[in-house]
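Quick mapping for you: the protein sequence lines, in order, are chains S and R. Residues 1 to 1075 (our numbering) make up the first sequence, in order. Residues 1076 to 1443 (our numbering) make up the second sequence, in order.
Please note that a few of the clues may not be correct.
[What the hints assert, rightly or not] With a Cα cut of at most 30 Å, we get these calculated DSS-like pairs of lysine-lysine:
id, chain 1, residue 1, chain 2, residue 2
1, S, Lys635, S, Lys561
2, S, Lys464, R, Lys1077
3, S, Lys481, S, Lys635
4, R, Lys1350, S, Lys342
5, S, Lys76, S, Lys1056
6, S, Lys733, S, Lys1007
7, R, Lys1386, S, Lys342
8, S, Lys562, S, Lys967
9, S, Lys119, S, Lys3
10, S, Lys481, R, Lys1077
11, S, Lys971, S, Lys955
12, S, Lys994, S, Lys1007
13, S, Lys1061, S, Lys967
14, S, Lys520, R, Lys1439
15, R, Lys1146, R, Lys1317
16, S, Lys635, S, Lys650
17, R, Lys1224, R, Lys1317
18, S, Lys1007, S, Lys1056
19, R, Lys1317, S, Lys270
20, R, Lys1348, S, Lys342
21, R, Lys1350, S, Lys464
[Said to hold, decoys possible] Covered stretches of chain S, going by a simulated chain R footprint (3 or more residues, C-beta under 8 Å):
id, stretch
22, 457-469
23, 550-556
It is worth saying that the hints were derived from the structure and are not from the lab. Source: prediction; values computed, not measured. Note that CB positions come from ideal geometry on N, CA and C, so glycine has one too.
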Amino acid sequence: MPKRKDIKRILVIGSGPIVIGQACEFDYSGSQACKALREEGFIVILINSNPATIMTDPEFSDRTYIEPLRADVIAKIIEDERPDALLPTLGGQTSLNLAVELAESGILEEYGVELIGAKLETIHLAENRNLFRDAMGEIGLKVPAGGCVSSLEAAEALRDEIGFPLIIRPSFTLGGIGGSVVYNREEFNRAVQWGLSASPVTEILIEASVLGWKEYELEVMRDAADNFVVVCSIENFDPMGIHTGDSITVAPAQTLTDVEFQAMRDAAKKIVAKVGVETGGANIQFALNPENGEMVVIEMNPRVSRSSALASKATGFPIAKIAAKLAAGYFLHEIPNDITRKTPACFEPAIDYVVVKIPRWDFEKFPGNDVRLSSQMKSVGEAMGIGRTFKEALNKTLRSLENGWSGFHADGHDSVSRMSAEVLLDDLRWGTPDRILKIWQALTIGISPEEISKITRIDIWFLKNLQQLVAFETHIAEEFKQRRTLTPETLGTAKRLGFSDKHIALLTGKLENEIRSLRKENGILPSFKIVDTCAAEFESFTTYFYSTYDPENESIPSNRKKVIILGGGPNRIGQGIEFDYCCVHGILALKNLGIEAIMINCNPETVSTDYDVADKLYFEPLTYEDVLNVIELEKPDGVIIQFGGQTPLKLAIDLEQAGVPIWGTSPDSIDLAEDRDRFGVLLDSLDIPHPQYGTATSIADAIEIGQRIGFPLMVRPSYVLGGRAMEIVYDLKSLEHYMQVAVTASEEHPVLLDRFLEDAFEFDVDAISDGGRTEICGVMQHIEEAGVHSGDSMAVLPPFLLSRDQYEDIKEYTRLLAEALHVQGLINIQFAIMYDTLNVIEVNPRASRTVPFVSKASGIPIAKIAAEVMSGKRLDQIGYTFKDRLPYVAVKESVFPFDRFEKADIYLRPEMRSTGEVMGIATTFGEAVFKAFQATGIAIPTSGTIFVSVNDNDKARMFPIAESLNKLGYKLVATRGTADYIAGRGIPVETVLKVSEGRPNVVDYIKNHTIDLIIKTPLGQRSRKDESPIGWTAIKYRVPFITTLSAAEAIVRGLKAQSKKSFEYQCLQEYYKTH
Amino acid sequence: MKASLILSDGALYEGLSLGAEGTTTGEVVFNTAMTGYQEILTDPSYHFQLIAMTCPQIGNYGVNRNDFESKGIYAAGFIIREYSPVVSHWQADQSLDAYLKHYGIVGISDIDTRALTRHLRDHGAQMGMITTTNEPLDTLLARLRTGEKLVGRDIVKEVTTDRYYDWPLSGENDGTGKGSFRVAVYDYGVKFSILRTLHDYGCQLRVFPGHAPPEAVLEWNPDGIVLSNGPGDPEPVEYAVKSVRHLLGKKPIFGICLGHQILGLALGGRTTKLKFGHHGANHPVTHRLTGAVEITSQNHGFIIDIDSLAKSEVEITHINLNDGTLEGMRHQPLRAFSVQYHPEASPGPHDSRYLFAQFIEDMKQFHA
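Bound conformation, chain S alone (with noise of 0.2 Å):
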C-alpha cells in the first residue's frame, strides 16, 4: 500500500530528558523518523521536553513543543494542533504509556487522532505482563511460571507455588526499574512493595527465575501486509538475570544452530502477529536453556527501544526511519534499501562482521549502593564496537569505554589482580561493572573457562575466545623478551585479534608511538571495510565503515576539502547527548558550506552514528591510535575537538604533535584555560576578578594552600568530567581526609584548590568568537547557589538577578577572555557574583553542555556558527543577530537517577550526577519554571499537603515560602524545630516526629501518601542519619524533594503562576517569530 492520503498531520511524542534505561537512542529513532515522515510529506508535530535533542531542532518538525510530557499538556496541544494520527512507538516507554492514558481518557477518539504504528490493543497485550502470558500460551510459546498480581498476599501465593529464586518486574516501568531477583523471603517482601510502588499501575509480575540461561534479543520488523523480518539477532554475553542494557551484547548471535534460531523466528513471527505489531519495529527477548535448548519467551516491546538503535547501527538497517514509513502506510517491499539502493527493505541483513556492546556505568557517584547488577538497568552509556570477528571487536569496545583500558587488559591499575582465586571467583558469581576485568585475571591466573562458565554461566564459547586473547598475551610479551622486538607475524596476528598498539606497549614496555612505528615499518596498517547490510553481495552507496586488519581497504578517500569532527564516545553523567548535539550541528554546518564531514564515534546510541549524518562514518573508538588511522588515511583539512567533551579534548595535545591540523580554538589554549595556574596568571594580567585558588601535588601543598586563601575551599582532581570526586571542605581536617581518601595527588594528578564562594549566584555564559568579534549567545543563571554542580543546577535565560553593568562586565570579560585564548569558536564561562564582585570561576573555549539549551531557547544554531566560524568564515559574514534579552523566559531543569539506587545522597553537590535535562519555556518565570519542573516528572502538586524541614540557618528565607504555600491552599507539616518557628508567626502547621524521635514519623507518613511535596535542605553532617532514610523513601514512593530553598522559592513561582491561569502552550517556531 503506499502512503496514506487520509493522513496530513502527525503527532510524534518524544521520550523526554535522557534517564538511566531513556537515552539518546531515542533521539535518534525520533530524528530519523521526523525526517521521513517530512520527507513523505507529512506535517510533523514534536512534543519532547528534552532541549538538548537533535529532534527537537526547529527545522525537524514543523510545530516544536518542548513542553511537560504529560497528558493534560498533550491533550491541549492536541486540540490546538489537531492532528490526525499520533505516532508513539518512537519515543520509548514515555510516549507509549502516554499514548495509552491519551486514549484511555477519550482524547484520542474526541478530536479523532487515531494511533498509528501500535494500537491500543496492541499496547496492552504487550505491556500488560498477565495479558501477554496468556497471548504466548494461546500461540504455543512457552513462558516462565509465574503471573501477575497487585498485592503481597497475592504475591506470597505465588510465591509458594514457584518457589526461590524469583524475578519481580513491575508493569508499565522502563528499563526494568523496580526489578529485582530474589532468593529469599526477607528480600522478596521488599522486592514486592518497592516494585508495586514503582508501577505506575500497581502491578507486579512474579516469574520462576531462568537465571543463567541463555539470553537472546530478536530485532523485528512488520508491516500491514503481514510482511515480517528479522533485523538482527542479539546475544547476551551474560546471561538471564542482568538486564540486557547492562549486559555486554553480540550480534549477530553466535551459538546458535539454524534450527535454534530459526525457531526463535518463528515464535518472534507468532508473536509479533498475535500482540498486533501491525507496522513498525518491535524487540522480543528469549532465553534458552543451555542444556537443552528449551525457549521461553521473556518479553516484547511493540516499539523502537535501545536494542532497535544498537542493531541499526550494528546492521545500516535505519529501524525507525523503515518504522515511520510503514505506520504512514508503506509496505516493506516498498521502501529502498538506502545502502544497496536497488533492493527494498523487505530483506534480512546479512551481517560479516561481528558487533559488541559494553554498558558504561557511573557507580563511583552514588557511594554505597550495591554494585552487582540485577534486572534493574543503571548503566548510563554505551559503547559500541565492530570487527571482523568477536575478539577484534571486544577489544576494540572495551577501548572505546574510556575506562582507562586499552583492550580486555587490565591496564596495570591491578585494581582487581590483587584479588585472591577465592575472592576472584566468589565476586564473578556477581555480574558487576568490572567482571570482564575480573575474567581477564581470573583466566591470568589459571582458572579455567570450564570454571569461570559454572560461576558465571557466560557462555564457553566466550570464555573460551577470551582465554585465546589472554594466550596471545603471553606469547606477545614472550616473544619481546626473547627477541627484544616483535616479529611482523606476532604483531600482525595481535592486531588482527584487536589489540590495541597501546595494549602491546604494555606487555613490551614500549611507548605507544614505538609500536605505532614498529607496525608502520612492517606494513601492517587498518583496512577500513563497509556496513553494508548485504554482507557485501550488493554495491553499497553508504559510507559507514569499521577499522580491522584484513588486507582489503574499502575507504576511498575523496579529493574534496575535509573536516573530521570527534565526538563524544559513550555516553556518562557529565557528558552526554548534549556534546552529541554539538557534533551533528558541526556536521550539518560543515555539510551546507560543502565541505566533507567525517564523523568518528563509538556511541551507538547517537545521532552522530547515523550514517546518514555525516558524509562518512567511522565508527571507531576514539583512541589516539584509532582516531589517528582515519587521519593518517583521510588526510583531512583540519580536524574539529571542540564538540566532543572531555574525550576528544585528551586527545588533542598527542594529535596536534603528530602533525594533525586542529581546527578552531588550539588545543594550547584548551590547555591554559584546564591549567589552574597558566589561567591564574592570565586573568590577573588582564585584570579579572577570580577566587583565590592553588595547586597541590601532595597533602601538604594542599594544607598550605587551605591555610593560605581560607575556607572553605572547592577541591577537586585536574582534568575530570561532571566533578568527579570535587567536594567543598570547610576545614582544615576535612581537607586532609578528601586528600587522603578521595584523591591521590601527584605531579602528573595535581590537585586544584579554589575559594568557594559560599551562597554566590553563578552565571553560565556561552559565546562565540571568530578571533576578532565575540557574542555572547546566552548568559544563565543558576537558581541554586554556587556549590552545585552547573550540570546538576537549574538555569535560567535571561537571568532576573543581574544589573545591567554586571551584564556589560560580563560582555567585556568573555571578549577579553576570548581574545586572549584566541577563541575560534566556542567558549563557556561561568561566573560568581558575590557581594557585588563578578568573579570568573572556569573557563572552557569550546563546546559545553548548555549549547543546546542556549540555541533551543535563543532560536540560535550556536554550534553551527561554531562550525562555520572554525572553517575561516567571520562572524559578521554568517549574520546571526545576537540579543541581548530574550522577550520570554527559558528554564532549564536536570534530571537525576536516584530511583535506580537504593541509597542515593539526593543533596545536590559539587559532583554532578543529572543524567539528562528538560526544559520549561514561557512568557514568565513562574510559568516557565513551573512547566520545567513538571518536564522532569515530578508531580508538583497543586494541592495537598508539603512537608517543610530547613536548618536554623535557612528558617527566615524558608518563612516566605510557607507563607505562601499557606496561601495558596496547601497544608503544612514539619518537624519541630521547623513547625515552631512557622507556627510562631501566625501560619498553621502539623508538626510531626523525626526519624529519631519515634513513631509514626516521617517517614512513615510518606509512605501512607500523606506527604505530597517534600521541601527540605540538608542539615549537615550529623543529621544526615536521619535525613538518609527520608530521602530513600520518597524516592521509593515517588514524593518529589526539593532540597535547596532557592528551588523552593521558584516553585512557589511556579505555583503562583499556575495557580493564576492555564499555562498556554506554544511550539518554538512560533516564539521564534513572534517574540
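Assemble the complex: chain S is given as a structure, and chain R must be docked to it using the hints.
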C-alpha cells in the same frame, strides 16, 4: 599449516588450512547465511563448489547428529574468515574441523572473505582451488584453468541415489505417513529437509534416482511427484527434462531449485547462469498474486530466463525483489508448480512452508 585459495582469474588469497590437507577444486561461490554451516556443507546442491561463508565466525556450535541434509559432505571445499576451535552447543558431538577431516574436505580459514565476496560479485563466480601444497602458482593455475568446469556438465549423476529408497531412512516406515499421499521424489541431489518436511505433512515417500525412467515412478502409483534440488547446470541433465515432460499432466508436480529449472526446461523454457548466483538465507521473494513477501533460503547459480516462458501457459507466481529474477511458476492445467528457492529452508527462514501444503492440496484436487 598454510593454505591458499586460487581463483581461475589469478586472484590469490592466503590463509590457514582447515579440515583435510591437499588440493580441491570447484566453483567458488559465497553464501551469506549467518547460521547453518552444517546444513550447507551437507547440501548436495553444493557438489563441485567451494563455499565461502561471508559470516566471519564459523564452527562455533560444532557439528551435531541432527542437522544433516545428506549422508555426507558434498561441498568440494570450505572457505571462512575465522574458524572456532571452541565448540559450544549441547547437541554438538564433534568440531567442524574434525568433521571436515573425517570426510577429507579441504578447507581454508583466515581469508578476507569480504574481499573474496566483493571479487566474486564484481568478476563473477569462477573456478577455484584450495591447496595446502607448495607447488608453484603457475602450475596450479594452469591445472585449474584446464580442469573440469561446472557449466555444460551433468553433475546430478554424481550425487543422485543409485537406487530408490523409502523415507524415513530408519528402515521401517514409522506409520505416520500411512493412509495419506504417496509422493515420489526425483533425487537430483535431494536435501533431507525436503523429505522430512513432506513426511511431516503426512506423505509416504519413495526417493527415485534422477535417471529413473518415468514409467518406473508411475508404476509405484504416486499421488504426486517432487523434483528435488540438485547441483550444477540443469541443461545437460536432459534425461531428467525428458522424464518430467513425460510425467506432466499425469500427476501433480512440485519442483524445487534444480527441480524447478528442470520443470522450466520441460515446459519449454531456457536457463541461464547468474553472475554469482543466489546463496543465502535472506532473499526477499514476492508472491505476485498476493503481494506478500517471503524471506527465502536460496542456493542456485542458474535461473530460468523469465522471457523464455512468456508465450507459454506458465504463470509467473514469484519474483525476486532484489534482482527481479523468476522465483516461482505454475502451470495450472498441468498441475505443476515450482520455486527456485528452498521452502524446506534448512538453513533459513520458514516463511515458504506453505508451498508444501499447496502441493498436498494439488494432490487432493487431482484425486477429486
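Going through the hints against the structure:
no., hint, result
1, S:Lys635 / S:Lys561, "holds (10 Å)"
2, S:Lys464 / R:Lys1077, "holds (23 Å)"
3, S:Lys481 / S:Lys635, "violated (36 Å)"
4, R:Lys1350 / S:Lys342, "holds (16 Å)"
5, S:Lys76 / S:Lys1056, "holds (21 Å)"
6, S:Lys733 / S:Lys1007, "violated (38 Å)"
7, R:Lys1386 / S:Lys342, "holds (29 Å)"
8, S:Lys562 / S:Lys967, "violated (62 Å)"
9, S:Lys119 / S:Lys3, "holds (18 Å)"
10, S:Lys481 / R:Lys1077, "holds (27 Å)"
11, S:Lys971 / S:Lys955, "holds (18 Å)"
12, S:Lys994 / S:Lys1007, "holds (14 Å)"
13, S:Lys1061 / S:Lys967, "holds (16 Å)"
14, S:Lys520 / R:Lys1439, "violated (71 Å)"
15, R:Lys1146 / R:Lys1317, "holds (28 Å)"
16, S:Lys635 / S:Lys650, "holds (21 Å)"
17, R:Lys1224 / R:Lys1317, "holds (24 Å)"
18, S:Lys1007 / S:Lys1056, "holds (28 Å)"
19, R:Lys1317 / S:Lys270, "violated (43 Å)"
20, R:Lys1348 / S:Lys342, "holds (21 Å)"
21, R:Lys1350 / S:Lys464, "violated (40 Å)"
22, 457-469, "holds (count 5)"
23, 550-556, "holds (count 4)"
Comparing the model with each earlier hint shows violations of hints 3, 6, 8, 14, 19, 21; every other hint is respected.
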